[in-house]
Amino acid sequence: MKFFSLLSLILIITLSSCTTVRVASDYDKKANFNTYRSFAFYKPGIDKADISDLDKKRILRAIEADMATKGFSKSDNPDMLVSIFTKTKENINIYQNNFGWGYGWGWNPWFWGGNNFNSVSRVTEGTLYIDLIDASKKELVWQGMGTSALTKDVNRKQEKMNEIVTAILKEYPPLANN
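Numbered by mature numbering (1 follows the signal peptide of the UniProt record, and there is no 0), the letters in the sequence shown go through residues -24 to -1, 1 to 154 in order.
Note that these hints are calculated values from the structure, not bench results.
Ideal placement from N, C-alpha and C gives every residue a C-beta, glycine not left out.
No false leads were slipped in.
Cβ-Cβ distance ranges computed for the label pairs, FRET-style: (1) Tyr71 x Lys133: 25 to 33 Å; (2) Ser49 x Val96: 43 to 51 Å; (3) Thr45 x Tyr71: 37 to 45 Å; (4) Thr62 x Asn8: 24 to 32 Å; (5) Asn69 x Asp129: 17 to 25 Å; (6) Ala41 x Ala(-1): 21 to 29 Å; (7) Ala16 x Lys133: 22 to 30 Å.
When you get a sec, could you build the whole thing from the sequences and use the hints?
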């Protein structure tokens, strides 16, 4: 029974680790981020993103909501342009647990014959890049990136996009310029 409790604990830790968003950001150290107060979406960049139009809408809604909480307003004459880029990859994880095979430390005759608990899991992982571009200079001033496991559950997609975008934009503005 203790073995199955340990196995359950490992499974819970593994699944919960898949819900995190790994983020990174980079920025132009010469940019004055205090001058940016308005934004607009950069349509040519967004059109190139290789995802469905529904997922683009989800991402743009999440960005718009997060930018509004940071005090930015959407404008036809913006200080900053927002563009996105996406990548996906499928991770295949093979867990091979051959408990009870062989001699040595912990050999036990009741485990001989092998309790093989092998499993394979497939997880689609997505990376979202958010580019913030100075509208007057047309230069990239900040880029944030977030990677996370994606969900196929239509009811949770917007929630997942919000989580990823919030984690990325938490890095903006860079601390050096606050």
